[in-house]
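Enquirer: Letter by letter, the chains look like this.
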Amino acid sequence: MVRRVLTLTSGRIAVVILAAIALLAVFGPLLAPQNPLATSDNTLAAASGSHWLGTDYLGRDTFSRLLDGSRVSVLGSLEVALMALVVGAIPGILSVYLGRTFEWLTLRLADTLVALPFLLFAVAVIALLGNGITQAMLVTGALVSPLFYRVARAATLAVARSPYVEAALIAGASTGWIVRRHVWVKVLPPIAVALAQTIGVGFIIVSSLTFLGIGVQPPAPTWGGLLASDLGYLSYQPWAPLAPAVLIMITVWAGNLLADAIRDVSGEAGRAFVNTRKARANRLGKPDPVSTGGA
Amino acid sequence: MPAHLITHRPGPDRRTSRGAGRLRAAALGTAFVAVLTPVLSACGGDSAASSGGSTLKWTSSYFPTHWDPVVGGSGAQFRELALAYASLTRTDESGKAVPDLAKSWEYNDKGDQITFHLRSGLKFSDGEPVDAAAVKAAIERAQKQKNSALFGDLTSIKSVDADGLDAVLHLSQVDYQIPQLLGQRVLQIASPKAAKNPEKLDQNPVGAGPFVVTQVIPGTKALLKKNPDYWDAKNIHIDNVELTSAPDASTVVSGLRTGVYNFADLDPSQASAAKKAGLDVFVQPGFNASNLSLNVNKAPFDNDRVVDAVRHAVNRKEFVDKLTFGYGEVTDQPFPKGYEAYDPESENAYPYDPAKSKKLLAEAGYKSGDIKLNLVIPAEDPQAEIVQSQLAKVGIKVTIKIDKNWATPFFAKDLTFSLYGTTGRDSAAQTLTAHFGPNGPLNLSTPYEPDGFEAAIAKVRETPLDAPDYTKVLQAATRAGLESKALVFTYSQPNLIAKSKSISDLPKNPAHIDWTGVTISGS
Chain A
1 MVRRVLTLTS GRIAVVILAA IALLAVFGPL LAPQNPLATS DNTLAAASGS
51 HWLGTDYLGR DTFSRLLDGS RVSVLGSLEV ALMALVVGAI PGILSVYLGR
101 TFEWLTLRLA DTLVALPFLL FAVAVIALLG NGITQAMLVT GALVSPLFYR
151 VARAATLAVA RSPYVEAALI AGASTGWIVR RHVWVKVLPP IAVALAQTIG
201 VGFIIVSSLT FLGIGVQPPA PTWGGLLASD LGYLSYQPWA PLAPAVLIMI
251 TVWAGNLLAD AIRDVSGEAG RAFVNTRKAR ANRLGKPDPV STGGA
Chain B
1 MPAHLITHRP GPDRRTSRGA GRLRAAALGT AFVAVLTPVL SACGGDSAAS
51 SGGSTLKWTS SYFPTHWDPV VGGSGAQFRE LALAYASLTR TDESGKAVPD
101 LAKSWEYNDK GDQITFHLRS GLKFSDGEPV DAAAVKAAIE RAQKQKNSAL
151 FGDLTSIKSV DADGLDAVLH LSQVDYQIPQ LLGQRVLQIA SPKAAKNPEK
201 LDQNPVGAGP FVVTQVIPGT KALLKKNPDY WDAKNIHIDN VELTSAPDAS
251 TVVSGLRTGV YNFADLDPSQ ASAAKKAGLD VFVQPGFNAS NLSLNVNKAP
301 FDNDRVVDAV RHAVNRKEFV DKLTFGYGEV TDQPFPKGYE AYDPESENAY
351 PYDPAKSKKL LAEAGYKSGD IKLNLVIPAE DPQAEIVQSQ LAKVGIKVTI
401 KIDKNWATPF FAKDLTFSLY GTTGRDSAAQ TLTAHFGPNG PLNLSTPYEP
451 DGFEAAIAKV RETPLDAPDY TKVLQAATRA GLESKALVFT YSQPNLIAKS
501 KSISDLPKNP AHIDWTGVTI SGS
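Protein chains in written order, with the working numbering: chain A, 1 to 295; chain B, 1 to 523.
Because the hints were derived from the structure by calculation, they are not lab data. Heads up, some of the hints might be wrong.
Between beta-carbon pairs, the in silico distance windows are [stated by the list, open to error]: (1) Asp41(A) to Asn439(B): 55 to 61 angstroms; (2) Asp111(A) to Ser272(B): 48 to 54 angstroms; (3) Pro378(B) to Ile90(A): 37 to 43 angstroms; (4) Tyr470(B) to Asp41(A): 37 to 43 angstroms; (5) Ala115(A) to Gln203(B): 29 to 35 angstroms; (6) Ser272(B) to Val114(A): 23 to 29 angstroms; (7) Gly421(B) to Asp41(A): 33 to 39 angstroms; (8) Gln217(A) to Ser272(B): 25 to 31 angstroms; (9) Asn374(B) to Val114(A): 34 to 40 angstroms.
From the three backbone atoms N, C-alpha and C, an ideal C-beta is built for every residue, glycine too.
Please work from the sequences and hints to get the whole structure.
Expert: Here it is as structure tokens:
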């Protein structure tokens, strides 16, 4: 699937951006040219050779804080996505096979989780469990999980009723074997779409919470936190919110772009789509011989 | 519109019935619009336009969470409550108590009884009389109501006798601070009839102040109109008040520029933008002081050398430069410099000296990084980041912990290390006991009290405010209090305000916002 995603321009752009963001998350704190927590007397300074994005209200290097903050921002969104995947996809698949009671219970639970406003719920959980990004993200992940539950369940239902699965059952195959051999392969593409989409959603949630000063203890930098603090000093540095805002926007956009690309190339329709593109490309590269007439 | 129709009319001689119909319709339409326009504009959001007169549109960072003054306490929101409530006394520009509901007062010879003589003929906004019985009810409610935030301030008052317009207060000790104490911060007097239902009063204030509350939207907005029965109504020139809870600091200036507000508390970071916008930016005098709160009952602050190391590690100028944009000032006492109680002898007793701080820590047996502290605060605060950075320079590792329920452990004295900022009190003795008294709410180290403070503060209470040596006695009490190892004062945050130029200058009453004589032009 990766190869097929990379055949699309949008897929390539998304992968490049997300890879760059992932590298920032891994190496950002190491690449920071200055200590992101070190204050100085040079407050609210303009961009310069020594401070590429200027300094903040306590004289800290904004570029270093942006790099250092990338890890928390990215890890937070991944936590949301992975938590949602685990809590949503597995019960989604199992709801088709584990009987009506389990199905009814999980469906009602998913409905309930959908009804809860996740940002408000995350704030409430933080008030209850203490101010930490991990607990906030895990809870938010659980609230986003109905997306995976429904996607996984719909795909599983489609496969479970197909003739070849019925044939496998008649032949004596176990449910576990069928799930591993047939269901998982069919469920994976839509889950991959949902996962890529959830990374974007998770990013917005992390940024929103840290913008509100929730989840991360100061002075730890985050992109959302930087954006919030920059807004207080617009009259001194009107350009300052641009860098964190653009980074957040690009990351979310790349997540959505990747989701679209995966959707376009997955399943039978996706394969047909890619084959058509290939055929068109071949035609453009090697034009058909032109008829010269004659019988 | 009719002229426009006339140009399309074929001619007076050839007016058709259809043309006449159009004309009638146009005339009717015009009349309808003429009637509708003022009606619609009156229905608009601007209540000033609808009611006429001058309107104060005040957006405040201290929008009252409680409108019952007993529950609201003596903190900064008293300034907003003072719109609706009057008190026995108020303060003048020198900070001294002057008459408000009480026209005069006198102590007995011993100084343990004070009689307030109330003005005659005054009424609360619900029609109840303002008399000594109302004063007695207000004091007793502040002392006894379960959720009172004022009972700690009234310990000197043993009992109250009401005799018509004379309220006689029997004191448990000689205390000449009472007229200072019973001003707007501590005893805003509510109608006793309304106060019978404190929950209702908390959202429907009924006082005898300069304005009457007509609507309260909890946490958001309050509408008030001038109280014609206020004792000094002739000097109140504002007809309506729209009090709102301040939005994000960065949007306040926009609100002022566009006329959404004409008066606002201002974050120092916005002062430059407000000035550029042509607004009046000024600092109202006040008693603000911020401090580090240490609990000397807990390690490592049970070691005097560690406390002294922290005192020498604090660079006060950095707080002023980075947080007040030059509008604040350093202070190492619970008052700003220049205040009567500020003790010049104690100034700079622990200057910024990181080398000395490190030496003291070494003497106490701590190497760099040995001391790890949690600094617990209620919300994000750049002060905490400055403290963290300054202590890191001497080898103390501070982790900032935001606890939304901070008030519970702070006032239960369970925390080891925190921050606090006072907006001061009208009675300096009250400020001192709140910080340094054994049960002072701002003393994180209860029941610790510095040696000699109890005697010094008792002497302040026993000294009449007009006695020639009062200032000397007061400063001696400050000096005694500053021996406390539980508090390290840092800087004085300015009471920064931005207002439209249409509002005249305010009286410079320290820490108060007094609307007496203030006018709003162009209304």
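Enquirer: Run every hint past the structure and note whether it holds.
Expert: Hint-by-hint comparison with the structure:
1. Asp41(A) to Asn439(B): 55 to 61 angstroms: 41 angstroms, violated
2. Asp111(A) to Ser272(B): 48 to 54 angstroms: 52 angstroms, holds
3. Pro378(B) to Ile90(A): 37 to 43 angstroms: 40 angstroms, holds
4. Tyr470(B) to Asp41(A): 37 to 43 angstroms: Distance hint for Tyr470(B), Asp41(A) holds at roughly 41 angstroms.
5. Ala115(A) to Gln203(B): 29 to 35 angstroms: Holds: the Cβ-Cβ distance is about 31 angstroms, inside 29 to 35 angstroms.
6. Ser272(B) to Val114(A): 23 to 29 angstroms: 47 angstroms, violated
7. Gly421(B) to Asp41(A): 33 to 39 angstroms: With a Cβ separation near 23 angstroms, Gly421(B) and Asp41(A) fall outside 33 to 39 angstroms, so the hint is violated.
8. Gln217(A) to Ser272(B): 25 to 31 angstroms: Given a distance of about 30 angstroms, which is inside 25 to 31 angstroms, the answer is holds.
9. Asn374(B) to Val114(A): 34 to 40 angstroms: At 38 angstroms between Cβs, range holds.
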